[in-house]
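Undergrad: Here are the chains, one letter per residue:
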Amino acid sequence: MFHIIGERINTSRKKVREAVDGRDAAYIQADVIRQQEAGASYIDINAGARIGHEREDMQWLMEVVQEVSTVPLCLDSPDPDILATAYDRVKMPPMINSISLEKNRFETMRAFLRGKDCHVVALCMDDSGMPKNSQDIFERAKKLVEGLEETGIGRSAIFIDPMAQPVSVDTQNGVMAFEAVEKIMSDLPGVHTIAGISNASYGLPERKMINRTYLGLMMAHGLDAAVLDPLDRKIMSVVYTADMLLGKDEFCDNYLSRVRSGIIIA
Amino acid sequence: MMADFDEIIDALVERDQARLSELVETKLAQGIPAGDILNKGLIAGMDIIGEKMESEELFIPEVMKAAKIMGAMVGRLKPLLTDEDTGVSGKVVIGTVKGDLHDIGKNLVVMMLQSAGFKVFDVGVDVSPDKFVDALIANDADLLGLSALLTTTTEMMRQTVSAVAESGLRNRVKIMIGGAPVTGEFSEEIGADAYAPDAGSAVRVAKSLLS
Numbered sequence: 254m255f256h257i258i259g260e261r262i263n264t265s266r267k268k269v270r271e272a273v274d275g276r277d278a279a280y281i282q283a284d285v286i287r288q289q290e291a292g293a294s295y296i297d298i299n300a301g302a303r304i305g306h307e308r309e310d311m312q313w314l315m316e317v318v319q320e321v322s323t324v325p326l327c328l329d330s331p332d333p334d335i336l337a338t339a340y341d342r343v344k345m346p347p348m349i350n351s352i353s354l355e356k357n358r359f360e361t362m363r364a365f366l367r368g369k370d371c372h373v374v375a376l377c378m379d380d381s382g383m384p385k386n387s388q389d390i391f392e393r394a395k396k397l398v399e400g401l402e403e404t405g406i407g408r409s410a411i412f413i414d415p416m417a418q419p420v421s422v423d424t425q426n427g428v429m430a431f432e433a434v435e436k437i438m439s440d441l442p443g444v445h446t447i448a449g450i451s452n453a454s455y456g457l458p459e460r461k462m463i464n465r466t467y468l469g470l471m472m473a474h475g476l477d478a479a480v481l482d483p484l485d486r487k488i489m490s491v492v493y494t495a496d497m498l499l500g501k502d503e504f505c506d507n508y509l510s511r512v513r514s515g516i517i518i519a
Numbered sequence: 088m089m090a091d092f093d094e095i096i097d098a099l100v101e102r103d104q105a106r107l108s109e110l111v112e113t114k115l116a117q118g119i120p121a122g123d124i125l126n127k128g129l130i131a132g133m134d135i136i137g138e139k140m141e142s143e144e145l146f147i148p149e150v151m152k153a154a155k156i157m158g159a160m161v162g163r164l165k166p167l168l169t170d171e172d173t174g175v176s177g178k179v180v181i182g183t184v185k186g187d188l189h190d191i192g193k194n195l196v197v198m199m200l201q202s203a204g205f206k207v208f209d210v211g212v213d214v215s216p217d218k219f220v221d222a223l224i225a226n227d228a229d230l231l232g233l234s235a236l237l238t239t240t241t242e243m244m245r246q247t248v249s250a251v252a253e254s255g256l257r258n259r260v261k262i263m264i265g266g267a268p269v270t271g272e273f274s275e276e277i278g279a280d281a282y283a284p285d286a287g288s289a290v291r292v293a294k295s296l297l298s
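Residue numbers (this note's numbering), protein chains in the order written: chain A, 254 to 519; chain B, 88 to 298.
Simulated from the structure, these hints should not be mistaken for lab results. For each residue, glycine too, the CB sits at the ideal point set by N, CA and C. Be aware that a few hints might be false.
Said to hold, decoys possible - Label pairs and their calculated CB-CB ranges:
1. A:R308 / B:D93: 56 to 64 Å
2. A:L457 / B:A105: 19 to 27 Å
3. A:N357 / B:R106: 47 to 55 Å
4. B:D103 / A:A364: 55 to 63 Å
5. B:D227 / A:N357: 31 to 39 Å
6. B:R106 / A:W313: 56 to 64 Å
Can you make the complete structure from the sequences, with help from the hints?
TA: Here's what the structure looks like:
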């Protein structure tokens, strides 16, 4: 099953920021319900954009979202302290977004995760910055998995993010991510791979076309989770169609029923 | 003799390396000073490319290609250039603030500033306020460029601006900031001089700050 982390509840989006600023619960709840209906398996909450208000915004959003959510939350912050407070307020085991190999983050997050019931997004980022090649990404993934397993987080709870980098600045960046995902999925069996599919298209026009193609290619190399907008029908159509083309949809049942119900559009 | 650099500018904007190379050789053979070819031809061409990037007529890969061609031409001219010919636009210290390891945007700005005739001292990523101040002093810089991609590290921009003020350099050094979570409003709030939303406008902003 392909995991979809619905990315819409993010204060860097103007309408969400305004809703959070005005404490407009109805707007947020309507959005969450639509994301769930569209197939989100997690609802991401990122309250980072109103500088200085992240803690109170995160708490308010969690309260409001959990009044209507039927799927787990994905708690999204670079700040381990914010994640720890947020964790205490979840109603279902959440996904924690994220841990990385950066020194000050790795140990703090490991300490926090010890004994917790949750899934974790693990970024292939360390103190030297972004990874340089696919082998580098794989080595980082391995370190993350070993470090997390040691704290009691099982492989099936780990979602490795290979850190997709823009193709505009280096045309080999796409291939680098494809190779990394393939190696992670084959050499670290049981682990998941996840990507924010809009990073690759930075700096180029018609980004949605790139995002859709990129997602399909990543799935062909084994990607089984993505952070995306489930209300974007065209990208969701790629998810379902790729699943079928990759042999995961017996007798094309899901594809056909989604075409008939108007969910899949060309 | 009046030299016309329109063709050189055009060849660079069109990213036609073969034609540009030929035009540069012709100018040199005519006795046109290398410094004029650089500053009135190549840098003028990159200025146009920066504007076209800002207006989204050109995209990052095209700008990178132009900068690469420009670099090859500068390599050709280098033995013929004097100290006065280079770094005419100003001296810039640039880096990503402490706690932040993102460098893609910063590297694009570095590339554009270099192509626009600035002497650029790139101090890298995860740079502390003190290290920025040291680099400003060591390089006698006119301009400081700060980059941050994370909302959590924009606060470090404020601390870096304060550190520059405390060092007594603030009246000699202009500060510009950029990065996804940064806005013009935030730039004013923390006492920076300007905000640039992309690498194309960074050149324009840098030039206007130092003019």
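Undergrad: Please test the hint of 56 to 64 Å on the beta carbon pair from B:R106 and A:W313.
TA: Hint holds: Cβ distance 60 Å, inside 56 to 64 Å.
Undergrad: Per the hint of 31 to 39 Å, is the separation of the Cβ atoms of B:D227 and A:N357 within bounds?
TA: holds (33 Å)
Undergrad: If I claimed the Cβ atoms of B:D103 and A:A364 lie 55 to 63 Å apart, would that claim hold in this structure?
TA: holds (57 Å)
Undergrad: Does the beta carbon distance between A:N357 and B:R106 stay inside 47 to 55 Å, or does it fall outside?
TA: holds (51 Å)
Undergrad: Has the hinted range 56 to 64 Å been met by the Cβ atoms of A:R308 and B:D93?
TA: Holds: the Cβ-Cβ distance is about 57 Å, inside 56 to 64 Å.
Undergrad: Is it true that the C-beta distance of A:L457 to B:A105 lies inside 19 to 27 Å, as the hint says?
TA: holds (26 Å)
In summary, the structure agrees with every hint in the numbered list given earlier.
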